[in-house]
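Novice: Listed below are the residues making up each chain.
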Amino acid sequence: MRVLVAKPGLDGHDRGAKVIAYLLKDAGMDVIYTGLHKSVDQIVEMAIQEDVDVIGLSIMTGGHLPIMQKLMQKLREKKVDDILVTVGGVISRSDVAKLKELGASAVFPGGTKFNEIVTFFKEEAPKLRKAI
Amino acid sequence: MSGSMYYKEGEEIKEVILESGIKVKPLYTPEDLKHWDYEKDLGLPGKFPYTRGIHPGMYRKRPWTTRQYSGFGTPKETNERFKFLIANGQTGLNVAYDLPTQLGLDSDDPKAEGEVGRVGMAVDTLRDYEVAFEGIDLERIGSGLTINAVASIALAMYQAVAEKYGFSLSKISATPQNDILKEMVGRGMWIFPVEPSIKLIGDTIEYSSKVMPRTYPVSVCGYHIRESGANPVQEISYAFEIAIAYIDHVLERGLDIDNFVGRISFNLDIYGNLFEQICKFRAARRLWARTIKERYGAKDPRSLQFRMLAGGGGAGLTKQQPENNIVRGAYYALIATLSGTQTSALCSFDEAYTIPTPKSALISLMTFHILAEEMGLRDTIDPLAGSYYVEALTSEMEEKIKEEMKRVEEIGGMAHAVATGYVQREVARQAYEQEKAIEEGRLIKVGVNKYEVPEDEKDVELHEYDSRVLDEQVKRLREVKAERSSSLVLKTLKDLEVAARDGKNVMPYLVEAVKAYATIGEMTAVLKDVYGEFKEPSIF
Chain F
4 MRVLVAKPGL
14 DGHDRGAKVI
24 AYLLKDAGMD
34 VIYTGLHKSV
44 DQIVEMAIQE
54 DVDVIGLSIM
64 TGGHLPIMQK
74 LMQKLREKKV
84 DDILVTVGGV
94 ISRSDVAKLK
104 ELGASAVFPG
114 GTKFNEIVTF
124 FKEEAPKLRK
134 AI
Chain W
347 MSGSMYYKEG
357 EEIKEVILES
367 GIKVKPLYTP
377 EDLKHWDYEK
387 DLGLPGKFPY
397 TRGIHPGMYR
407 KRPWTTRQYS
417 GFGTPKETNE
427 RFKFLIANGQ
437 TGLNVAYDLP
447 TQLGLDSDDP
457 KAEGEVGRVG
467 MAVDTLRDYE
477 VAFEGIDLER
487 IGSGLTINAV
497 ASIALAMYQA
507 VAEKYGFSLS
517 KISATPQNDI
527 LKEMVGRGMW
537 IFPVEPSIKL
547 IGDTIEYSSK
557 VMPRTYPVSV
567 CGYHIRESGA
577 NPVQEISYAF
587 EIAIAYIDHV
597 LERGLDIDNF
607 VGRISFNLDI
617 YGNLFEQICK
627 FRAARRLWAR
637 TIKERYGAKD
647 PRSLQFRMLA
657 GGGGAGLTKQ
667 QPENNIVRGA
677 YYALIATLSG
687 TQTSALCSFD
697 EAYTIPTPKS
707 ALISLMTFHI
717 LAEEMGLRDT
727 IDPLAGSYYV
737 EALTSEMEEK
747 IKEEMKRVEE
757 IGGMAHAVAT
767 GYVQREVARQ
777 AYEQEKAIEE
787 GRLIKVGVNK
797 YEVPEDEKDV
807 ELHEYDSRVL
817 DEQVKRLREV
827 KAERSSSLVL
837 KTLKDLEVAA
847 RDGKNVMPYL
857 VEAVKAYATI
867 GEMTAVLKDV
877 YGEFKEPSIF
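First to last, the sequence lines map onto chains F and W.
Under the numbering used here, residue 135 is the last one in the first sequence; the count climbs by one each step, no gaps.
Under the numbering used here, residue 886 is the last one in the second sequence; the count climbs by one each step, no gaps.
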């Protein structure tokens, strides 16, 4: 599994993104971190270039819905249909469902257990990828 | 990992290791203070080495300042919130800016989309400051300006607005955060590369010492470094090394240490073990005094005094059972006041979800009033002094901080350590280890990994983002652009560019551009053109 941990937009709070990057690395994945202040276009570009299996968005500002919408649109425009997208950050329960409707394979609101995240990337993500 | 506080299974505590890696004994006795010297290590408050506080009278004379972080959407809303907090006994303001402003982007910049006014006040031109500070006595109320990469511009605007409203520049007191190195470690609001960023900070220090002498031009933030995952020892040692990087730069300009070092203040974090935090602050105060005296030969007692804002940090709060955060906040406030801080503030209980609502911000403010008025925290100075445990732990913390400082200096100092990603890597690794310790139950968080209560998600009231903020802000920006003299703007921007290229102090040129109603985006673009942009070092 190759995962692009991505920080879209202007927000600079990347403690969560870095912790997840370490977690996934420890779990044996290839992890690439975009760094801060990336536009959706830049993230999609990096995802294609690095040939990743999953884009993991980290969003702490509450702007996750419009960002997710934009990202999915950009992926469609680029005819990319084999990259999974997950979202983590400050996300209310009601927005979890909305993010999934928009195309998120998994949503990890703050406080999600490490186990749950690792299980998704190790077990569910490969199945979802195969199904594509 | 340099350790975590954990209790083994069962009732009896077998071993306690603090986050800083210090082992806590079951009992402390005079034996633990064998090498401790009353005169040398403690002394009186207001006297070197200031372990007990930097003022002789401390809170008996004057209570701590409470400065809740606030700033919402538009300058007008911010102005209303300021007046509300002042009416409820707040004695200093703390301005939050939205992300575009912190990154030097105007509200109509496409990159600002969706972020205008979201996490703080949007500022494009001086006009926004005129609205935000309308009716506020800037000679009586000091303002923290939570901005870093473009703190120089924010400070220039503060000067301009004070002049506009007729306040004396010798009486106003601004505390721009203005600590770019910590932005590169955590928080991420950087623009320019390391060296020119430090140069800009030097400009603000040099300029304000002459023009606005009551300014605290830099607030070095261990706070965000700890929020990003650092342990308490790393928090203080990295903050000290950052301050040293700024001091060394300013000294190269030929300024005298006693002319400016007393105006550098610190913004530090409170969460975690109560005694570890209290001793961290006492150790920091003592070590700072010793460092400035021994390393720089400062003579003015004010140069040796460690001024701090100790704030209850968001990283200690939990999303689970958010009401418990009110209790945590009360303990953080207790820590702050037992530590002899000058200023304090709390993250409000709902900050795991949202920007504080007026109600939660008021609870934070009242927490401090309760300590001061009901609990007797102003009654006597440094009441913990002389405790075997507190004094022994203070000394151990001081030693640990010195060791970590040495490590940074050995690899070439803080500017280098940040440019190469050393500190970022250390802090991110520590964050991961801390989360893992929580996950594995070695570090207890009540309601998270112990005493969990099944609950319905959040009944907390949310601060909603209002998209009308953007329209209002862009409208005002257009109005200002239509009214201002374009030729004057162009001239002041050109002057700024030339000054920046010539390596002059850019502050006077920024003030002129601000007064001509140049936008933050325009001024930042000029500086970016000259200085370039910071490239994040890869840490994975």
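It cannot be assumed that every hint is accurate.
[To be verified] 25 Å max Cα-Cα, derived DSS-like pairs, lysine-lysine:
(1) F:K73 with W:K752
(2) W:K796 with F:K116
(3) F:K103 with W:K665
(4) W:K705 with F:K101
(5) W:K782 with F:K116
(6) W:K705 with W:K422
(7) F:K41 with W:K850
(8) W:K645 with F:K41
(9) F:K116 with W:K791
(10) F:K28 with W:K782
(11) W:K782 with F:K81
(12) F:K125 with W:K782
(13) W:K796 with F:K41
(14) W:K371 with F:K77
(15) W:K874 with F:K28
If you are wondering where the hints come from, they were derived from the structure by calculation, not from laboratory data.
Novice: Each of the hints needs a verdict: does it hold here or not?
Specialist: Hint check results:
A threshold of 25 Å between alpha carbons decides the hint, and for K73 of chain F with K752 of chain W the separation of about 47 Å lies outside it, so the pair is violated. About 14 Å separates the Cα atoms of K796 of chain W and K116 of chain F, which keeps this hinted pair within 25 Å; it holds. The suggested pairing of K103 of chain F with K665 of chain W holds, with an alpha-carbon distance near 22 Å, which does not exceed 25 Å. For the hint linking K705 of chain W to K101 of chain F, the alpha-carbon distance of about 29 Å lies beyond 25 Å, and the restraint is violated.
Of the supplied pair hints, the one linking K782 of chain W and K116 of chain F holds, its CA atoms being roughly 10 Å apart against a limit of 25 Å. Restraint check for K705 of chain W and K422 of chain W: satisfied, since their Cα atoms lie roughly 19 Å apart, inside the 25 Å limit. Among the hinted pairs, K41 of chain F with K850 of chain W is inconsistent with the structure: their alpha-carbon atoms are about 32 Å apart, more than 25 Å. With a CA separation close to 47 Å, the supplied pair K645 of chain W and K41 of chain F exceeds the 25 Å bound.
Our distance criterion of 25 Å between C-alpha atoms is met by K116 of chain F and K791 of chain W, whose separation comes to about 13 Å. Our distance criterion of 25 Å between C-alpha atoms is met by K28 of chain F and K782 of chain W, whose separation comes to about 14 Å. For the hint linking K782 of chain W to K81 of chain F, the alpha-carbon distance of about 38 Å lies beyond 25 Å, and the restraint is violated. Among the hinted pairs, K125 of chain F with K782 of chain W is consistent with the structure: their alpha-carbon atoms are about 18 Å apart, no more than 25 Å.
With a CA separation close to 37 Å, the supplied pair K796 of chain W and K41 of chain F exceeds the 25 Å bound. Simply put, K371 of chain W and K77 of chain F have alpha-carbon atoms about 58 Å apart, too far for the 25 Å limit, and the pair is violated. Our distance criterion of 25 Å between C-alpha atoms is broken by K874 of chain W and K28 of chain F, whose separation comes to about 35 Å.
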